[in-house]
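Novice: Sequence:
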Amino acid sequence: MPFFTVDGQALHYTDQGSGPAVLLAGSYLWDEAMWAPQIAALSPHYRVIALDLWGHGGSGRLPEGTASLDDIARQALALLDHLDIDRVTLVGLSVGGMWGVRLALSAPQRLNGLVLMDTYVGVEPEATRQYYFSLFKQIEESGAISEQLLDIVVPIFFRPGIDRQSPLYRDFRAKLAGYSPQRLRESIVPMGRITFGRNDLLPRLGELDAATTLVVCGDQDKPRPPSEAQEMAELIGCPCVLVPEAGHISNLENPAFVTEVLFTFLSERNR
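According to our numbering, the sequence shown is numbered sequentially starting from 12.
Worth flagging that the hints you see were computed from the coordinates, not collected in a lab. Please note that the accuracy of each hint is not assured.
[Claimed, not checked] With a cut-off of at most 27 angstroms between alpha-carbon atoms, the simulated DSS-like pairs for lysine-lysine come out as follows:
{"id": "1", "residue 1": "Lys148", "residue 2": "Lys186"}
{"id": "2", "residue 1": "Lys233", "residue 2": "Lys148"}
{"id": "3", "residue 1": "Lys233", "residue 2": "Lys186"}
Everything numeric in this text was worked out from a predicted model, so none of it was measured.
Construct the complete structure from the given sequences, taking the supplied hints into account.
Specialist: In structure tokens form, the structure reads like this:
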């Protein structure tokens, strides 16, 4: 399990394959294992790096002074420097796309391409922000994600018709239930507040390279609906692809479709 120390904490990542580099940046509350289907498919052809958010998977606690998604983007750039990767195609899902856009704007010369999946870089709608912050307060005070909260939180990530007895659903629920009070309070809750308290980057989307950007969204994504994806794609001037039969974690609900989209995009970026 490779680690890279940045801002005093150990950032865990996987690094598989060789060739043009692809950086996979995942969702809040998920670790790099969420990319398993894409890593397996892409790594015979590309060098695939996937990292864990702070407090997620094998990564250490949120570093002192990490207060914004710009900090997360800066830390990811430091990882690329550590790995001697000059240019990368960044695939960011959910919060991975939120900080991925910040990386793209701060260091455009480092990107071959940018895929924004099930994400939104405008401010969180106020009612939703307040709701999520109220959940964070409950988790912080109790030191646990209660059964009642699990019934609320877990379905958010999937299409409405998912089988709740499926391994995908049950494993995710069990992982959230297993977080320690320390990890929740030191990393998970603060990382959530950073994510849903983000500033508005919609006015800057026109600065991205439309020719090397793609927006992708599950057609049944509830927290980041297709309307948001289409809004961003129009501001960028790039295509928007909807993933059929998929919610927020579209790469796991319809992995074959998403992997094919990524293969097509990568082949065009790395000719």
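Novice: Hint by hint, note whether the structure agrees.
Specialist: Now for the hints, and whether the structure bears them out:
| no. | hint | in the structure |
| --- | --- | --- |
| 1 | Lys148 to Lys186 | holds, 20 angstroms |
| 2 | Lys233 to Lys148 | holds, 22 angstroms |
| 3 | Lys233 to Lys186 | holds, 21 angstroms |
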